[in-house]
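Just so you know, the sequences run in chain order A and B. For the first sequence, my numbering assigns the number 11 to the initial residue and increments by one for each residue that follows. For the second sequence, my numbering assigns the number 11 to the initial residue and increments by one for each residue that follows.
In short, the hints are calculated from the structure, not lab data. A quick note: this is a predicted structure, and the numbers were derived from the prediction, not measured. Just so you know, even glycine gets a beta-carbon here, dropped at the ideal spot from N, CA and C. Among the clues, some could well be false.
[To be verified] Lysine to any residue pairs mimicking SDA-like chemistry, simulated, CA-CA at most 20 Å apart: (1) A:Lys-31 x B:Thr-92; (2) A:Lys-31 x B:Thr-90; (3) A:Lys-31 x A:Gly-93; (4) B:Lys-31 x A:Thr-92; (5) B:Lys-31 x B:Thr-56; (6) B:Lys-31 x A:Phe-86; (7) A:Lys-31 x B:Val-34; (8) A:Lys-31 x B:Phe-86; (9) A:Lys-31 x B:Val-89; (10) A:Lys-31 x B:Gly-93; (11) A:Lys-31 x B:Gly-85; (12) B:Lys-31 x B:Ser-19; (13) B:Lys-31 x A:Gly-93; (14) B:Lys-31 x A:Pro-88; (15) B:Lys-31 x A:Lys-31; (16) A:Lys-31 x B:Asp-87; (17) B:Lys-31 x A:Asp-87; (18) B:Lys-31 x A:Val-34.
[What the hints assert, rightly or not] Pairwise CB distance ranges (calculated): (19) B:Pro-124 x A:Pro-124: 45 to 51 Å; (20) A:Pro-88 x B:Gln-144: 24 to 30 Å; (21) B:Val-32 x A:Thr-139: 21 to 27 Å; (22) A:Val-104 x B:Ser-115: 47 to 53 Å; (23) A:Asp-75 x B:Gln-144: 27 to 33 Å.
Protein chains: 2
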Amino acid sequence: MFTDDAFRSLDRQECLRFLAKVPVGRVVYTLRALPAVLPINFVLDTDASVLLRTSPGSELVRAVDGFVVAFEADGFDPVTRTGWSVIVTGRAAVVTDPAELERLSGTGPTSWMPLPDSVIIRIESELVTGRELQGMYSAA
Amino acid sequence: MFTDDAFRSLDRQECLRFLAKVPVGRVVYTLRALPAVLPINFVLDTDASVLLRTSPGSELVRAVDGFVVAFEADGFDPVTRTGWSVIVTGRAAVVTDPAELERLSGTGPTSWMPLPDSVIIRIESELVTGRELQGMYSAA
Numbered sequence: 011m012f013t014d015d016a017f018r019s020l021d022r023q024e025c026l027r028f029l030a031k032v033p034v035g036r037v038v039y040t041l042r043a044l045p046a047v048l049p050i051n052f053v054l055d056t057d058a059s060v061l062l063r064t065s066p067g068s069e070l071v072r073a074v075d076g077f078v079v080a081f082e083a084d085g086f087d088p089v090t091r092t093g094w095s096v097i098v099t100g101r102a103a104v105v106t107d108p109a110e111l112e113r114l115s116g117t118g119p120t121s122w123m124p125l126p127d128s129v130i131i132r133i134e135s136e137l138v139t140g141r142e143l144q145g146m147y148s149a150a
Numbered sequence: 011m012f013t014d015d016a017f018r019s020l021d022r023q024e025c026l027r028f029l030a031k032v033p034v035g036r037v038v039y040t041l042r043a044l045p046a047v048l049p050i051n052f053v054l055d056t057d058a059s060v061l062l063r064t065s066p067g068s069e070l071v072r073a074v075d076g077f078v079v080a081f082e083a084d085g086f087d088p089v090t091r092t093g094w095s096v097i098v099t100g101r102a103a104v105v106t107d108p109a110e111l112e113r114l115s116g117t118g119p120t121s122w123m124p125l126p127d128s129v130i131i132r133i134e135s136e137l138v139t140g141r142e143l144q145g146m147y148s149a150a
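Extracted from the complex, chain A is given alone in its bound form (with noise of 0.2 Å):
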């Protein structure tokens, strides 16, 4: 029988604990009226904000500033076929006021890769939606 028991939706404080386990989300926007995605380290906010760091002439940032973008992170066993998604969606943009910028400075995001020059874009949680998938064999 089909129902959805096999997911548990998450409330948003299961959410960002599920967030703030794992280093790499996605972003998820759209370019040229497509949908695109992106995959890049994170961390939260104290606000529950996701924070990225990229170059500032990067195609993201020309992208999803100053819009509403969705951010998805995960985590699957593909043994118990078990796992967890979390979704926030919110308006993205960079980070411009000098305070905020140096509040962030020493717990900000940084990058995974080397960059010269960097921004620092905050995707406001304004929705945060999340589900756990709870070994979906174990009821069929």
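Use these hints to put chain B onto chain A, whose structure you have.
Relative to chain A, chain B alone:
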């Protein structure tokens, strides 16, 4: 110095070899004019298209059937900061041809969820791009 040397572009065959290594990827699409993403297990067909199985009444089917979507898979090692990502972009459609369905009944994707009724979605691999991240800080 910033270069893209940390990234190596993957050719189509390399992309497909990486894709074949992982059971789960992420469908990236548009839902109510917003970017949307759903992790799901998949298999590659012999023509390198991506095959997913889901419920016929799912939001995913309504959102992607007949539209161009992206499908992303990746693998990262946070210790060495190495990894890879592959993105397939192409038209998604529910498989309806009886001969195709018969052919895929054995080799096609299974769902990680119990489904009483299901459809197979095919994402054509019209554009396949990928990159490998080789010890990003080794060049810093």
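Do the hints match the structure? See the list:
1. Restraint check for Lys-31 of chain A and Thr-92 of chain B: satisfied, since their Cα atoms lie roughly 18 Å apart, inside the 20 Å limit.
2. For the suggested pair Lys-31 of chain A and Thr-90 of chain B, the alpha carbons sit about 17 Å apart, so the restraint of at most 20 Å is met.
3. For the proposed pair Lys-31 of chain A and Gly-93 of chain A, the alpha carbon gap of about 13 Å is at most 20 Å, so the pair holds.
4. A distance of roughly 18 Å separates the Cα atoms of Lys-31 of chain B and Thr-92 of chain A; the hinted pair therefore holds under the 20 Å criterion.
5. In summary, the hint linking Lys-31 of chain B to Thr-56 of chain B is supported, as the alpha carbons are separated by about 15 Å, within the 20 Å threshold.
6. Between Lys-31 of chain B and Phe-86 of chain A the CA atoms are separated by roughly 14 Å; this keeps the pair inside 20 Å, and the hint holds.
7. Pair hint Lys-31 of chain A plus Val-34 of chain B holds up; C-alpha atoms about 19 Å apart against a cutoff of 20 Å.
8. A C-alpha spacing of about 14 Å is found between Lys-31 of chain A and Phe-86 of chain B, which places the hinted pair at or below 20 Å, so the restraint holds.
9. As the CA atoms of Lys-31 of chain A and Val-89 of chain B are separated by approximately 14 Å, the hinted pair is consistent with the 20 Å bound.
10. Distance check on the hinted pair: Lys-31 of chain A and Gly-93 of chain B sit about 18 Å apart at the alpha-carbon level, within 20 Å; holds.
11. For a cut-off of 20 Å, the pair hint linking Lys-31 of chain A to Gly-85 of chain B stands: about 16 Å separates their Cα positions.
12. With a C-alpha separation of about 18 Å, the suggested pairing of Lys-31 of chain B with Ser-19 of chain B holds against the 20 Å cut-off.
13. Straight-line distance between C-alpha atoms of Lys-31 of chain B and Gly-93 of chain A comes to about 18 Å, which keeps the hinted pair within the 20 Å bound.
14. About 11 Å separates the Cα atoms of Lys-31 of chain B and Pro-88 of chain A, which keeps this hinted pair within 20 Å; it holds.
15. A C-alpha spacing of about 23 Å is found between Lys-31 of chain B and Lys-31 of chain A, which places the hinted pair above 20 Å, so the restraint is violated.
16. Simply put, Lys-31 of chain A and Asp-87 of chain B have alpha-carbon atoms about 14 Å apart, close enough for the 20 Å limit, and the pair holds.
17. At roughly 14 Å between alpha-carbon atoms, Lys-31 of chain B and Asp-87 of chain A fall within 20 Å of each other, so this suggested pair holds.
18. Restraint check for Lys-31 of chain B and Val-34 of chain A: satisfied, since their Cα atoms lie roughly 19 Å apart, inside the 20 Å limit.
19. For Pro-124 of chain B paired with Pro-124 of chain A, a C-beta distance near 47 Å keeps the hint of 45 to 51 Å intact.
20. For the hinted restraint 24 to 30 Å between Pro-88 of chain A and Gln-144 of chain B, the CB-CB distance of approximately 25 Å keeps it satisfied.
21. In this structure the supplied range 21 to 27 Å holds for Val-32 of chain B paired with Thr-139 of chain A, their Cβ-Cβ distance being about 23 Å.
22. For the hinted restraint 47 to 53 Å between Val-104 of chain A and Ser-115 of chain B, the CB-CB distance of approximately 50 Å keeps it satisfied.
23. Distance hint for Asp-75 of chain A and Gln-144 of chain B: a CB-CB separation of about 28 Å, consistent with the stated range 27 to 33 Å.
Violated hint: 15 only; the structure is consistent with all others.
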